[in-house]
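Read top to bottom, the protein sequences are chains X and B. If you use my numbering, the first sequence corresponds to residues 1 to 173, in order. If you use my numbering, the second sequence corresponds to residues 1 to 173, in order.
Everything labelled a hint here was simulated from the structure, so no lab data went into it. Watch out, some of these pointers could steer you wrong.
[Unchecked claim] With beta-carbon atoms standing in for the labels, derived distance ranges:
hint : chain 1 : residue 1 : chain 2 : residue 2 : range
1    : X       : Gln148    : B       : Lys63     : 18 to 26 Å
2    : X       : Lys142    : B       : Lys76     : 35 to 43 Å
3    : B       : Lys156    : X       : Asn86     : 25 to 33 Å
4    : X       : Tyr171    : B       : Arg23     : 24 to 32 Å
5    : X       : Ala39     : B       : Pro80     : 56 to 64 Å
6    : X       : Asn159    : B       : Cys99     : 32 to 40 Å
7    : X       : Tyr171    : B       : Asp100    : 50 to 58 Å
8    : B       : Lys156    : X       : Asp42     : 38 to 46 Å
Every residue gets a Cβ at the ideal spot worked out from N, C-alpha and C, and that includes glycine.
There are 2 protein chains.
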Amino acid sequence: MKKPNYIAIAATTIDGRIAKHSRHFSSWTSKEDKDFLHAILDTCDVILVGRSTYDMAKKPLSKRNCIVLTRDTANKKDTPGLTYINPTKKSLPQLIKKCDYKKIGILGGEQIYSYCLEKNLLDELFLTIEPVSFGFGLSLFKTKKLAQWKLKSIKKLNNKGTILLHYLKSYGK
Amino acid sequence: MKKPNYIAIAATTIDGRIAKHSRHFSSWTSKEDKDFLHAILDTCDVILVGRSTYDMAKKPLSKRNCIVLTRDTANKKDTPGLTYINPTKKSLPQLIKKCDYKKIGILGGEQIYSYCLEKNLLDELFLTIEPVSFGFGLSLFKTKKLAQWKLKSIKKLNNKGTILLHYLKSYGK
């Protein structure tokens with residue numbers, strides 16, 4: 001049986017910020033990045049997001065299968081295609097297995113990317129770098145876990161210089 | 001008379017960290033990045049660094065003209081090619097002008113990159129991205145000043161996927 005493939009998709013500034021703060025919506029990214037994002041999400045069986053990211057993108061995400069990671073599942077109702085889970089209480093990989101999801105798109109934010117990295121639930125990373133610097137804000141990862149990656153491809157998305165980097169996680173290092 | 005050209009040179013992880021902490025020496029970068037760094041420094045008239053970066057790289061920097069930015073110049077002796085300056089008390093651009101330096105290589109760390117960005121003393125950025133993530137550490141910039149950039153070139157430096165991005169600062173935006 002094929003192992004599920006966990007793919008993080010993120011956009012950062014040249015100074016490595018994915019957002020100015022936890023309520024900063026990703027409207028600052030280029031049209032070309034958004035086009036890529038929608039295209040790759042269309043290929044995923046399910047989207048994995050944190051609660052605040054989900055709340056900000058509820059409308060566009062409502063048409064997709066979503067697993068929302070949250071500490072507080074008490075007042076959250078699951079609906080078809082939408083599952084809330086506290087991964088410290090229930091097993092995320094078991095849920096993925098039960099639903100037979102094979103391609104998991106991880107949409108962030110910082111806590112979710114970090115959680116997946118720590119738990120070895122991150123096989124690939126599509127990283128868009130927009131030609132802007134914020135000077136402050138959230139990073140891609142906030143964790144003590146170092147990781148090695150292998151660059152698979154580079155693509156220039158537009159004339160102003162948005163680039164898309166595709167990395168594979170190096171295991172066993 | 002030609003305006004001086006301020007060029008920042010930095011290496012980051014894929015999560016945007018230039019170092020794990022302020023005493024973390026840049027030994028984690030690839031040989032290919034170091035080769036590029038030395039080659040571009042050879043073309044600069046002077047190197048601009050913060051005191052802690054200078055103290056860590058004193059030996060390799062001793063053969064180059066250096067301006068060291070520091071709050072405490074009291075116990076620092078200038079020697080030929082080496083000038084300590086507190087930029088809140090003396091003008092850095094005036095010093096550059098007086099010495100007739102035309103190409104200034106900015107080597108960091110975070111405070112110096114940020115200072116130069118804030119003061120419009122940053123025209124170009126050579127950013128190496130190493131295929132590793134730290135999960136924590138210092139960023140390229142720590143400032144409230146947002147900036148727009150234009151990507152001039154992308155170069156793959158080695159097989160594991162170290163890349164070198166060359167950005168020009170966009171002014172007037």
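Comparing the hints with the structure gives:
1. Distance hint for glutamine 148/X and lysine 63/B: a CB-CB separation of about 33 Å, inconsistent with the stated range 18 to 26 Å.
2. Distance hint check for lysine 142/X and lysine 76/B: the Cβ-Cβ separation is about 36 Å, which falls inside the suggested range of 35 to 43 Å.
3. Between lysine 156/B and asparagine 86/X the beta carbon distance is about 42 Å. The supplied range of 25 to 33 Å is therefore violated.
4. For the pair tyrosine 171/X and arginine 23/B, the supplied restraint of 24 to 32 Å holds, since their beta-carbon distance comes to about 30 Å.
5. About 58 Å separates the C-beta atoms of alanine 39/X and proline 80/B, a value consistent with the hinted range of 56 to 64 Å.
6. Taking 32 to 40 Å as the suggested C-beta distance range, the pair asparagine 159/X and cysteine 99/B conforms, at roughly 38 Å.
7. A hinted range of 50 to 58 Å holds for the C-beta pair tyrosine 171/X and aspartate 100/B, which are about 53 Å apart.
8. A hinted range of 38 to 46 Å is violated for the C-beta pair lysine 156/B and aspartate 42/X, which are about 29 Å apart.
Consistency with the previously given hints fails for numbers 1, 3, 8, ordered from lowest to highest.
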